[in-house]
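S.K.: Residue strings, one per chain:
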Amino acid sequence: MRELTYVEATLEALDSAMARDPSIFVVGEGIGERGGNFNTTVGLYDKYGPERLCDTPISERGFVGMCAGAAMTGTRPVVDFMFLDFILDAFGELVNQIAKMQYMSSGRLKMPILLRGAIGIGHSAATHHSGSYYPIFAHLPGFRVVVPAIPSDAKGLFTTALQSDDPVLFLEHKSLLFNRGEVPEGEYAIPFGQARIAREGSDCTLVAIGSMVDKSVAVCDKLAEDGVSAEVIDPRTIAPLDMETILESVSKTGRLLIVDETFQPCGVGAEIAAQVIDQGFDDLDAPIRRLNGAHVPTPYSPPLELAIVPEPDDIEQSVRDLLAE
Amino acid sequence: MPQSEQLLSLYRQMLIIRYTEEQLARSHQMGLIHGACHTYVGEEAIATGVCAHLRPDDAVFSTHRGHGHALAKGVSPREVVAELFGRATGCSQGRGGSMHLFKPEVGMMGTSGIVGPCILQATGAGYSFKLLKSDQVGVAFFGDGAVNNGAFHEGLNLASIWKLPTLFVCENNLYATEVPFSYSSGNPHVGNRGPAYGMESLTVDGNDVLAVYEAAEEAVQRARGGEGPTLIECRTYRTRAHSEGMRDAGYRTQEEVEAWKERDPITRYNEWLLENEEAGPETLAGIEAEVKEMVADAEEFARNSPWPEPDTVSEHVFNQR
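Protein chains in written order, with UniProt numbering: chain S, 1 to 325; chain Y, 1 to 321.
None of these hints come from the bench; they were simulated from the model.
The model shown is predicted, which means the values in this text are computed figures rather than measured ones.
One or more hints might be untrue.
[What the hints assert, rightly or not] Derived pair list, reagent style DSS-like, types lysine-lysine, alpha-carbon separation capped at 25 Å:
| hint | chain 1 | residue 1 | chain 2 | residue 2 |
| --- | --- | --- | --- | --- |
| 1 | Y | K133 | S | K110 |
| 2 | Y | K292 | Y | K261 |
| 3 | Y | K163 | Y | K133 |
| 4 | S | K252 | S | K222 |
| 5 | S | K47 | Y | K261 |
| 6 | S | K47 | Y | K292 |
Please put together the full structure from these sequences, using the hints given.
M.R.: Encoded structure:
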């Protein structure tokens, strides 16, 4: 099968959806002629013009609130934040308006808005260009939160996001954007709330998110040489969260480690652990473990930055500790 | 100048708002309204004069003081009163209350408990209508309090650079809750701020329904014709407390309130209709009686309406489950 990068995969999904649906438009800084800081819209300006590839002022609250109004009146905005950190200037519009609009209107309004941005720590981007924030959005009723890990998932989930009548946060880890992988041709949609088993195994379960998926798979492949059979689950969407697949895996392995770059307190791992204890307590042969990024703002200096992200050695040690319990 | 029939229709619309608001105030005292209730008494001319030019497919976005906008846009008194009573028959089926009135079927795209977002959402409606090449318009109603919020700056700038078909209607009632606009704003005017954004803007007497009507007519024509947005400052005053049941003292004088009551938009318009022989006293009395009955019916309808079923509480968080 042909290979595409993660970004090329989403671009293909966006292009074919825009060709079919004239109500889709994209807003963001430098997403017009320039094609996006991360090449998310390359070539689309020439095809669809400035109204559908709409460069904005640095006015995040303004254009997010504007896109809320657009989504309520018959169009399907895609907001390209470049770095997701910039979304925070629009937090009130997101939480008080976009997430609540369908409920407030008793379902008479839809909110088909796709909010995309690059997340994650790396390349000394420092603390205003490294955030992920998805646990915050997953906490709130009204959002779909998508964190694809591989190019083929990025394309299929982006297609679903473009068809959704709910607000979707589509979060792309910077370290994944230019990874290549096999991507099917043509349009296809991957439903939200269906995890992918990235690696099968029977001794322990790793739930890994975003950039941690490939890292965890690589570590587990290495551990297989020592006879360890680890399963890696990629939830793909944090909201909705496919607990069924996770519980099924834990019922087989009895051991669970959650690997996530975002903060531990009140995080995705805490939620998964609580649900496994609630619904799968008798399946557990060991305490549930979490491996997270450090609970600090992201530092700039490379050695400091490296110190706060779970690295392959950390993952390997956590798996060995879990198996020794 | 509106035609004779339209002149009476403006009178009737202002009365629908006034009588509904007075009914809501009484119902609030009786404990039938469960949360906040911000009335529009004294400001009726603005929603009435603007919405007279709007079609059901034009989109209105409003504020916490939004009952008048909903009524003028075509939400019935029954649906408004029932919503404030928290009933299943309310326009938001009991999920919204006073500050979240929705009826997209008539272009009432919602009122909001947060000051400012309506400006951005009306800008977004303008963006939709431009992209879809329709001649619909988006309208934001907001108070003077919103003018000092970043949403005003960002929304007006975006609407201007893309020449969006949007009206920004500022109801300057001189106080943001209880903080005077004269204190909180470095520029004491709103109507002169358009040029800062490359936009047409003007100030009108918000207690003169015909002045509002004429300003809105030009702005709506400009928007429908693809000539861009307009900012209209309507100078007005709310003669009741910020919210029903709140102490209305310590920030304005009784003399000031009484002086503005002298400029009541409905009384003034009633006198204008009579003086200009556009209507006789019997005609106006007939309209008053009809609207009184309509509002009494709305109250009775709301009081006898069923409560929402508690087991529906999780519905509508998402479009798709």
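S.K.: List in ascending order the numbers of the hints, as given earlier, that are violated by the structure.
M.R.: 5 and 6
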